[in-house]
Every structure is written in C-alpha cells, then in structure tokens.
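One line per chain: the protein sequences are X and P, in this order.
So the first sequence is numbered by my numbering: it starts at 1 and just counts up by one.
So the second sequence is numbered by my numbering: it starts at 140 and just counts up by one.
What the hints contain is simulated information worked out from the structure, not anything from laboratory work.
Glycine residues also receive a C-beta, built at the ideal position from the N, C-alpha and C atoms.
Warning: the hint list may mix true and false statements.
Ranges of calculated distance between the beta carbons of each label pair, as one might list FRET restraints [unchecked claim]:
hint: 1; chain 1: X; residue 1: V90; chain 2: P; residue 2: R271; range: 38 to 44 Å
hint: 2; chain 1: X; residue 1: G64; chain 2: P; residue 2: A158; range: 37 to 43 Å
hint: 3; chain 1: X; residue 1: E56; chain 2: P; residue 2: T278; range: 37 to 43 Å
hint: 4; chain 1: X; residue 1: N32; chain 2: P; residue 2: A257; range: 33 to 39 Å
hint: 5; chain 1: X; residue 1: G137; chain 2: P; residue 2: K273; range: 39 to 45 Å
hint: 6; chain 1: X; residue 1: D53; chain 2: P; residue 2: R267; range: 26 to 32 Å
hint: 7; chain 1: P; residue 1: G196; chain 2: X; residue 2: A21; range: 44 to 50 Å
hint: 8; chain 1: P; residue 1: F241; chain 2: X; residue 2: G104; range: 29 to 35 Å
hint: 9; chain 1: X; residue 1: A55; chain 2: P; residue 2: G196; range: 41 to 47 Å
For reference, the chains in residue letters:
2 protein chains.
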Amino acid sequence: MTTPAGFALDPRLSADTLAVAALALSDLRLMNDRRFPWLILVPRRTGAAEIIDLAEGDRGLLYGEIARVSEALKAATGCDKLNVGALGNVVRQLHVHVVARFAGDPAWAGPVWGSGPATRYTADEAVRLIARLKTAGIT
Amino acid sequence: MTTPAGFALDPRLSADTLAVAALALSDLRLMNDRRFPWLILVPRRTGAAEIIDLAEGDRGLLYGEIARVSEALKAATGCDKLNVGALGNVVRQLHVHVVARFAGDPAWAGPVWGSGPATRYTADEAVRLIARLKTAGIT
Chain X
1 MTTPAGFALD
11 PRLSADTLAV
21 AALALSDLRL
31 MNDRRFPWLI
41 LVPRRTGAAE
51 IIDLAEGDRG
61 LLYGEIARVS
71 EALKAATGCD
81 KLNVGALGNV
91 VRQLHVHVVA
101 RFAGDPAWAG
111 PVWGSGPATR
121 YTADEAVRLI
131 ARLKTAGIT
Chain P
140 MTTPAGFALD
150 PRLSADTLAV
160 AALALSDLRL
170 MNDRRFPWLI
180 LVPRRTGAAE
190 IIDLAEGDRG
200 LLYGEIARVS
210 EALKAATGCD
220 KLNVGALGNV
230 VRQLHVHVVA
240 RFAGDPAWAG
250 PVWGSGPATR
260 YTADEAVRLI
270 ARLKTAGIT
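Please construct the entire structure, taking both the sequences and the accompanying hints into account.
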C-alpha cells in the first residue's frame, strides 16, 4: 500500500462514504446509503480522472481490486446483478462504483446514480455490513 | 477474432445499436442515440452477465478493448468526461458502455442510462461518426 505525497480523498466522496480498507492501490469505501450495498474504489493517484489516466501497472491493480470487490460483494449479498461504473461527472477524482443490485430495489432497473437522496446506515448496520463483506473476502 | 458456437447478440442490444467492428473479444457497436457519442462492447461469450464471469484471459482482452475505445472516443470527440459502465439490469448479456460526456449534454451531470428516449442518427451522421472514430484508432 502506497499513498503518494499530495493525494487527498475528495471531500464529497469522504462525506458520502465510510472507510472500509486501504487496498494496494485504492481506498475502499462504503457508500453511506442503506438503500443499496454500494462500494467505491478510489485509486490513490493524484490528478487521475479517467481509468486511462492510470499507468498500465496501476490499471492492472485496479482491475484486480474491482474483481475482488465484485466477487465478495456478490457472495455477501446474493445480489441479482452487479453494477460497475466509473462516471465522475460530479466528483472528478477517479473512483469506481461496485454496486449490488436487486430486482425491486428502490432504483431498479435504472441506475443508482441520480436516484434520489441517500438513506444513512445506523452505526450498527454499517459495522455489521462491513464485517460481513470482510468475511466474504473483500480485503 | 473468435465467435464461439451459440453466441448471439441480444436482440434489444441489436435493435438499439449500429455495428462498428468486431474486435478480438467483443463486438463494438454504436448506440443509435445522437444525444451522446456512446459505444458498447459486447464480449462474444455465451452466458456471461458479469465481468467476473469471464475467464482471466478474456478479462484482459476486455480491459484492453475498453482502454482503446476510451482513448479513441476521447480523441475523436474532445469530451469533458468518459463514463464507463457495466450495468445489465435490463439486458443481462454482458456489455460495457463507454460514453463521451459533455458538460451541458441532455443528461448532464446525471447518467445516460434511463435518461429518456433515444434520438436516432441519420444514416449520414452515423457513417461519418463511425469513420471519425476509426480515424481516431477505435479499431
């Protein structure tokens, strides 16, 4: 795990999420929205906005982290579908969403982005979900 | 380029898109919606719904194709942001979106998915855009 000098998590990402773990490349965070089990990966690379802004080696690390998070999130939740996306229209700092979707969830079959205000977890719910994700191998 | 026996493009993807090229793993298609320069990659692998359903080698091919399409789409359009996503809530067949976004486009800063009905290209517009993408190195 390396954190280059000058890297700082975007304050909006920080405000909307809870820390889960520091992976080799990325900070792994849980979106604080109990409507959807929703993780984000934030590569600790200053100035990156697109996946193609990363060096080849970092892209490989990121893809490995996306796969690991995808497998664990699917195993922990039994979701119907994963949604994986890098958008960045609002927060430009590169971040990749990995979301567990269920037929009938509050945004189904649309995307979670722009689907209305978040409903916060209680502390107990957040701690238990993060523990469950770790048991499923997310880190 | 290999097409396994039994692979067939989902009919809804086929109806919504125009053929651009067959890449090593994926069929590259242009979403027939002139509101957004919007490409999709459809790996020719029967039964795959998630990126993690692909074998390791195929994942590597897909990531390479996403990068190439991203670079060319950005170069050809001068977009403000790329949106890259694998959702599949409506059409389950694995497909990856690579979309050129502009501040002020009809869905900005929200996602393109679920942003209302497509506006079709004229034949001339579609042919010219595909030619421009090819000049930018999309294939």
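Taking the hints in turn, this is what the structure says about them:
no.	hint	result
1	X:V90 <-> P:R271: 38 to 44 Å	violated, 28 Å
2	X:G64 <-> P:A158: 37 to 43 Å	violated, 32 Å
3	X:E56 <-> P:T278: 37 to 43 Å	violated, 21 Å
4	X:N32 <-> P:A257: 33 to 39 Å	holds, 34 Å
5	X:G137 <-> P:K273: 39 to 45 Å	holds, 42 Å
6	X:D53 <-> P:R267: 26 to 32 Å	holds, 29 Å
7	P:G196 <-> X:A21: 44 to 50 Å	violated, 28 Å
8	P:F241 <-> X:G104: 29 to 35 Å	holds, 34 Å
9	X:A55 <-> P:G196: 41 to 47 Å	violated, 22 Å
Of the numbered hints given earlier, the model fails hints 1, 2, 3, 7, 9; all others are met.
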